[in-house]
Amino acid sequence: MEPQATRKVRLPLRTLALLLVPVLLLAVVIGVFLGSGGVPDLQSAAPVESLNIERYVLRRGSIDLQVRNSGPQPLTIAQVVVNDAVMPFEVEPTASLGRLARARIHIEYPWSLGEAYGITVFSGNAIPFGVDIPVAFETPQPSGRTFLGFTLIGLYVGVIPVFLGILWFPALRQLGRKTMSFLLAATAGLLIFLGLDTLVEALEAARGVATAFQGVGLIGIGAVSTFLLLEAIAGRESTGPSTEASQRLAVAMTIAIGIGLHNLGEGLAIGAAYNVGEISLGAFLVVGFIIQNITEGLGIIAPVLHYRPRFGRLAAMGAIAGAPAITGAWIGGFAPSPLFAVLFLAIGTGAIFQVVHQIGRLIRTDMGPRGLPMTVWAGVLTGMLLLWLTGLWIK
0 MEPQATRKVR LPLRTLALLL VPVLLLAVVI GVFLGSGGVP DLQSAAPVES LNIERYVLRR
60 GSIDLQVRNS GPQPLTIAQV VVNDAVMPFE VEPTASLGRL ARARIHIEYP WSLGEAYGIT
120 VFSGNAIPFG VDIPVAFETP QPSGRTFLGF TLIGLYVGVI PVFLGILWFP ALRQLGRKTM
180 SFLLAATAGL LIFLGLDTLV EALEAARGVA TAFQGVGLIG IGAVSTFLLL EAIAGRESTG
240 PSTEASQRLA VAMTIAIGIG LHNLGEGLAI GAAYNVGEIS LGAFLVVGFI IQNITEGLGI
300 IAPVLHYRPR FGRLAAMGAI AGAPAITGAW IGGFAPSPLF AVLFLAIGTG AIFQVVHQIG
360 RLIRTDMGPR GLPMTVWAGV LTGMLLLWLT GLWIK
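For the sequence shown, numbering that gives the first Met the number 0 puts the final residue at 394, and the numbers step up evenly by one.
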């Protein structure tokens, strides 16, 4: 007799047919609805059009708009107005856009540095779609200088603070068990705050996504699927032979990955803001980011303070947590995309909350049968307040 574990499941032909019957009937119903002459001809009283202006690029003497038809009907770009002046323009590849089609509108316009401009694009049905340029600023183009600049921004706000936080490792190892539990709870508080902040950033970025892409739904897909995927991976690792030290090291690595995804989103925001001239990355702001993000290094080392991970492993976790800020700054500075920004931020949200879930399991293991002690409550609250206060100072 074939063992139960190795027996192949065969789908009977009759079962397959029964599964397909509703699908085939549904196709018939849709065909009847679309092809029947008895269906009333329902027409909208006004044309339903929607045009997303996803990005503007300013070069000397010209403005380029990257647009997408996010409405259900074809759309024709008929007129462009800049600060109440009708301007000649060119559209590539064509002024007639099908659903979700993209185009580039090129406008020859002598804009002035630092000035504000309002641009309105009219469709063939005279429906306006506008975008504001709060500060005219020549869009950075890929070059060695700008590449180095965005790299330094990522180093300052991501890599350096994380490694400075990791330098607390030798001193914190001298603390007692109760203090260790407090630091682990504070790490959970830090990550809860980071997760909420990342979620808010994702929701804000979703406003710039074409309606057809359903930005909020995309956030749900990215966050939930990432959470469940990491949870499945953690579950498989926990079933294998492992020591407490290796489990805590795995949690520390997961924390580093979650923080790295958050820093990727932070780099995207900084790069995109600089791309349109809306941010002043002065010394005060950079110092503020360093103070806020130094706590991320503390979060990485908190689960492994009782153990002696190799220096190379600590350095790798620091790089995983901090270096994505550089990548984010590159993407946001050179090729900002609302759609990818939403997806990256959603993935970061799911990863961060999965890490919080893992830390909660560690805390519960440390507590044993006892209830939730005040140490944990104080630690979570301290971690959240720490990031809130530093954000209050720098934002």
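Read the hints as simulated data drawn from the structure, not as lab findings.
There's no promise every hint is true.
Claimed, not checked - Simulated restraints, written as ranges between beta carbons of each label pair:
hint, residue 1, residue 2, range
1, P71, A318, 42 to 50 Å
2, A26, R309, 58 to 66 Å
3, A211, T364, 57 to 65 Å
4, P169, R144, 25 to 33 Å
All C-beta atoms, glycine included, are put in the ideal place defined by N, C-alpha and C.
Now for the hints, and whether the structure bears them out:
no. : hint                    : verdict
1   : P71 x A318: 42 to 50 Å  : holds (46 Å)
2   : A26 x R309: 58 to 66 Å  : holds (60 Å)
3   : A211 x T364: 57 to 65 Å : violated (46 Å)
4   : P169 x R144: 25 to 33 Å : violated (39 Å)
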